[in-house]
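Student: Residue-level listing of the chains:
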Amino acid sequence: SAVISQKPSRDICQRGTSLTIQCQVDSQVTMMFWYRQQPGQSLTLIATANQGSEATYESGFVIDKFPISRPNLTFSTLTVSNMSPEDSSIYLCSVTFRSTDTQYFGPGTRLTVL
Amino acid sequence: SQKIEQNSEALNIQEGKTATLTCNYTNYSPAYLQWYRQDPGRGPVFLLLIRENEKEKRKERLKVTFDTTLKQSLFHITASQPADSATYLCALDMAGGGADGLTFGKGTHLIIQP
Numbered sequence: 763s764a765v766i767s768q769k770p771s772r773d774i775c776q777r778g779t780s781l782t783i784q785c786q787v788d789s790q791v792t793m794m795f796w797y798r799q800q801p802g803q804s805l806t807l808i809a810t811a812n813q814g815s816e817a818t819y820e821s822g823f824v825i826d827k828f829p830i831s832r833p834n835l836t837f838s839t840l841t842v843s844n845m846s847p848e849d850s851s852i853y854l855c856s857v858t859f860r861s862t863d864t865q866y867f868g869p870g871t872r873l874t875v876l
Numbered sequence: 002s003q004k005i006e007q008n009s010e011a012l013n014i015q016e017g018k019t020a021t022l023t024c025n026y027t028n029y030s031p032a033y034l035q036w037y038r039q040d041p042g043r044g045p046v047f048l049l050l051i052r053e054n055e056k057e058k059r060k061e062r063l064k065v066t067f068d069t070t071l072k073q074s075l076f077h078i079t080a081s082q083p084a085d086s087a088t089y090l091c092a093l094d095m096a097g098g099g100a101d102g103l104t105f106g107k108g109t110h111l112i113i114q115p
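From first to last, the protein sequence lines are chains A and B. Start counting the first sequence at 763; every next residue gets the next number (our numbering). Start counting the second sequence at 2; every next residue gets the next number (our numbering).
Pulled out of the complex, with its shape left as it was, chain B reads as follows (with noise of 0.2 angstroms):
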């Protein structure tokens, strides 16, 4: 069955630099990939969708890449706030369009220090 490997460590990061974030997962590429936020009591906040064929994708601040060769996606934070503070999640959804449950890595806990 498909396993996603995640930063287990908490990541802490100087305010103002860039944080990168590691996805990997084994088996088939799934065709699509996301990146979610989890505040702590909350659930999951959509962030970032990235297709199978798709390389890199931006919104503002976020960029996350895709590179099925290497089974792997980067999630990085550029300019990074003591607000980007949180713990996110990568997701497969592996038929894509939504229609089937995503499967989750356990996180990345981000700390970004004034």
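Only chain A is shown next, with the shape it has when bound in the complex (with noise of 0.2 angstroms):
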């Protein structure tokens, strides 16, 4: 099966700073999506990478807050801008491949906004 990493696995950043985490897997995929994992609260999907072109966000997440790059068909990042205690949380990168309907996640990154 394929692995799927996430860097930083932590952070631990300060009010007004950007994080830009990144997600790696290592055999092309058909879909990748980051979601955020508050504390007590379930999986939101942020967006959607897009290959090559601009990411496709949910109601509540804009693209100022949450860039997306997509190069690839592996690798993707996403940067949490301008950060306040709000945003600390988990987040996570799942991908899906040609052959499932199924969604394989990351591990995730924990991040804490002080």
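Hint data in this document are derived by calculation from the structure and do not stem from the laboratory. Beta carbons are placed, not taken as given, at the ideal position from N, Cα and C, and that holds for glycine. Where hints are given, some of them may not hold.
Listed below are the simulated DSBU-like cross-link pairs for lysine-lysine, each with C-alpha atoms no more than 35 angstroms apart in a straight line [stated by the list, open to error]:
#1 Lys64(B) - Lys107(B)
#2 Lys769(A) - Lys56(B)
#3 Lys107(B) - Lys827(A)
#4 Lys4(B) - Lys64(B)
#5 Lys4(B) - Lys827(A)
#6 Lys58(B) - Lys18(B)
#7 Lys4(B) - Lys769(A)
#8 Lys18(B) - Lys769(A)
#9 Lys60(B) - Lys18(B)
#10 Lys4(B) - Lys72(B)
#11 Lys60(B) - Lys4(B)
Covered by chain B, per the in silico footprint, the following chain A stretches (three or more residues, Cβ under 8 angstroms) [as the list claims (entries may be wrong)]:
#12 784-797
#13 826-837
#14 854-867
Two chains, each in its own frame: build the complex with the hints.
Tutor: This is the structure in structure tokens:
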């Protein structure tokens, strides 16, 4: 099965700064997604990362706050910009493969904003 | 918008018994309904997928049912073991096919007592 890695695994950041999270897969994927899991809450879809074009954002999420890149079929980044304590959360990438209808998740990035 | 309800309280089950978890949703039935397992500090892991036109699916000790009239899915773990202790997430794929992101419930924390 494919290996999905995220960097960093965790970070503690100051208010007002930005953090870029990387998601790398060891084989080509069809779709890549970014989710947020706030404490005690369900996973919430932030956006679909589209290769070579702008990401598709869900209601309540905007590109200025969460810019996303996907330069190729195996890699994507999510930036959390101008952070506030409310952005403290676990951020997860997930992928699908051509042969399956299910999603496979990375290990997550635990972000704490002070 | 679609809302998903799962048992909000932790579910304590004696080892060897069958654990039954509930997922109820509002609005339209999804094309696919999926169940994931999430352990602390890790990303969700896919367990089972059931389609709109299917009533039941099984995989080893796991069984899922899907009732579109009741707007409900039940997830069963038979002969439960302490290693089954985790949070179980219900997720809806409204369009099916894995091209869109998933809508998740908050999950049910299952504890199997030895």
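Student: The structure should be examined with respect to each hint, and the outcome stated for every one.
Tutor: Here is how each hint holds up against the structure:
Restraint check for Lys64(B) and Lys107(B): the C-alpha separation of about 20 angstroms stays at or below 35 angstroms, so the hint holds. About 40 angstroms separates the Cα atoms of Lys769(A) and Lys56(B), which puts this hinted pair outside 35 angstroms; it is violated. With a CA separation close to 24 angstroms, the supplied pair Lys107(B) and Lys827(A) stays within the 35 angstroms bound. Between Lys4(B) and Lys64(B) the alpha-carbon distance is near 23 angstroms, which keeps this suggested pair within the 35 angstroms criterion.
Note on Lys4(B) and Lys827(A): the hinted pairing holds, with a Cα-Cα distance of about 25 angstroms set against a maximum of 35 angstroms. Taking the CA atoms of Lys58(B) and Lys18(B), the gap is near 20 angstroms; set against the 35 angstroms cutoff, the hint holds. Of the pairs offered as hints, the one joining Lys4(B) and Lys769(A) holds, with about 31 angstroms between alpha carbons and a cut-off of 35 angstroms not exceeded. Straight-line distance between C-alpha atoms of Lys18(B) and Lys769(A) comes to about 40 angstroms, which puts the hinted pair past the 35 angstroms bound.
Of the pairs offered as hints, the one joining Lys60(B) and Lys18(B) holds, with about 17 angstroms between alpha carbons and a cut-off of 35 angstroms not exceeded. This hinted pair checks out: Lys4(B) and Lys72(B) have alpha carbons roughly 11 angstroms apart, not beyond 35 angstroms. A threshold of 35 angstroms between alpha carbons decides the hint, and for Lys60(B) with Lys4(B) the separation of about 27 angstroms falls inside it, so the pair holds. Judged by the Cβ-Cβ criterion of 8 angstroms, the region 784-797 of chain A is covered by chain B as claimed, because 4 of its residues qualify and three suffice.
Residue count for the region 826-837 of chain A with a Cβ under 8 angstroms from a Cβ of chain B: 0. That is fewer than the three needed, and the coverage hint is violated. Counting residues of the region 854-867 of chain A whose C-beta lies closer than 8 angstroms to any C-beta of chain B gives 9; at least three are required, and the coverage claim holds.
The structure does not agree with the numbered hints 2, 8 and 13 stated previously, though it agrees with the rest.
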